[in-house]
Amino acid sequence: MDSVYFSFNQGKEWVYVSNTMPVLVQGNDTTRAAIGDMIVANDGAIIAGLRGMRIYDLDSGNQHVPRDTTPGGLVISTNDGNTWERIPSAIDTSLYISSLYKTPTGTLLCLAAEVNIDPYIEDFSGECRRRTAFLNWDNRDYQLDQSYIYRSTDTWSTWTRVFIFPDRQAWGDTDPLFEMPDGRVMALHPDFGVAISADDGKRWAVGDPLNIGNPEINDIVFTSDGYAHLATSEGYARMRTNDIVSVRDGHGRPTDSDLTVSLSSDGRLNVSSTRDISALNVYGIDGCLITQTRGVAQQLTADLSSAPTGAYAMEALIDGVPVRRMVAWVR
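Numbering-wise (this note's numbering), the sequence shown opens with residue 104 and increments by one.
Just to be clear, a hint being listed does not mean it is correct.
Restraint-style ranges between C-beta atoms, simulated for each label pair [what the hints assert, rightly or not]: (1) 382 to 209: 40 to 46 Å; (2) 386 to 141: 34 to 40 Å; (3) 377 to 138: 45 to 51 Å; (4) 179 to 424: 47 to 53 Å; (5) 141 to 394: 41 to 47 Å; (6) 183 to 409: 45 to 51 Å; (7) 185 to 386: 46 to 52 Å.
In silico lysine to any residue, SDA-like type, Cα no more than 20 Å apart, as pairs [claimed, not checked]: (8) 305 to 267; (9) 205 to 301; (10) 305 to 188; (11) 305 to 287; (12) 305 to 332; (13) 205 to 265; (14) 305 to 144; (15) 305 to 395; (16) 305 to 208; (17) 305 to 257; (18) 305 to 210; (19) 305 to 209; (20) 305 to 281; (21) 305 to 408; (22) 305 to 367; (23) 305 to 410; (24) 205 to 264; (25) 205 to 283; (26) 205 to 251; (27) 305 to 381; (28) 305 to 184; (29) 205 to 143; (30) 205 to 149.
Keep in mind that the hints were calculated from the coordinates and are not lab data. As the structure is a prediction and not an experimental result, all values here were calculated from the model. Just so you know, even glycine gets a beta-carbon here, dropped at the ideal spot from N, CA and C.
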């Protein structure tokens, strides 16, 4: 099938649209691209995000190289959908695109994830073994790797990866990019929580709004009274939008610390509290200590100006109790 006809008035008129979506990046199968989301750019171009997957062969001689790749990444049409072509960008052609979003300024954001079918890893002995499967799809296990946020400020020509969700994986079949009532942008991570940007998607802070460890968030709506209403697999949750990325102190933690975290454009991480902070530690997502600031004050500062772009874990010691939050630094 090389063409599609659409009718929008119960068959009275039909519109021809060429079916030029990519079929397969490599391999011999004929799996067509599934489309996760679409958006219209400022110049009128239509951008489609494809749900890509890397497929590994359990019986092949090289389990580390994908046998097939269901097409993913971004494609674009500049002639009202008649023809489509790939957007050359940093977004890999195998990525599973779950959401595209345009901010009020015209900046484009893309939420993408790595999905691997029947993948292998090497254990400590150097032998290959299967990853622990999170889910099963058509009797084949699939493993969900990192998920990312990409950003484009030049209509759609170039894309930059501005954020990596730490630790947990995403499988976003909902619409996970939203604009909050105060103008901030929220990226809804179904298996992690939320990431929020207050500067048009350049920097992101993340938090688990339910404090249940690993919530499965299915949808979210906002109401004019300042509440966010979340539909999750654990049930319904409601919270003030200002509290979404605040630290939730558990048993034994200071309950009135009122921790405030800000990251300036020159890379200074400022942390303040109504209580004295005795240490400020910043870790990479691999657990390595990046920098440490000691002192007893209600505000401490760490310098991230020389750190590479990425996600970092901030830990403030308040009355000897660690209070943590994730921050994202974009140079």
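Fill in: 20 Å limit on alpha-carbon distance, applied to hinted pair residue 305 and residue 367
Status holds; Cα separation ~12 Å.
Worksheet item: Between residue 205 and residue 283, is the straight-line Cα distance small enough, at 20 Å or below?
Response: holds (13 Å)
Worksheet item: Is it true that the C-beta distance of residue 141 to residue 394 lies inside 41 to 47 Å, as the hint says?
Response: holds (42 Å)
Worksheet item: Per the hint of 45 to 51 Å, is the separation of the Cβ atoms of residue 377 and residue 138 within bounds?
Response: holds (49 Å)
Worksheet item: Does residue 287 lie within 20 Å of residue 305 when you go C-alpha to C-alpha?
Response: holds (11 Å)
Worksheet item: Are the Cα atoms of residue 305 and residue 281 separated by 20 Å or less?
Response: holds (15 Å)
Worksheet item: Does 34 to 40 Å hold as the CB distance between residue 386 and residue 141, or does it fail?
Response: holds (38 Å)
Practice prompt. Check the following: the C-beta atoms of residue 185 and residue 386 are separated by a distance inside 46 to 52 Å.
Written response: Given about 50 Å between the Cβ atoms, the range holds.
Discussion item. Next pair to validate is residue 305 with residue 144; report whether the Cα-Cα distance is within 20 Å.
Written reply: holds (18 Å)
Worksheet entry | Distance restraint between residue 205 and residue 251, which requires alpha-carbon spacing of 20 Å or less | holds (16 Å)
Discussion item. Check whether the Cα positions of residue 305 and residue 410 lie no farther apart than 20 Å.
Written reply: holds (16 Å)
Worksheet item: For the pair supplied as a hint, residue 305 and residue 381, is the alpha-carbon distance within the 20 Å limit?
Response: Roughly 30 Å between the alpha carbons, so the hint for residue 305 and residue 381 is violated.
Consistency with the previously given hints fails for numbers 10, 12, 15, 27 and 28, ordered from lowest to highest.
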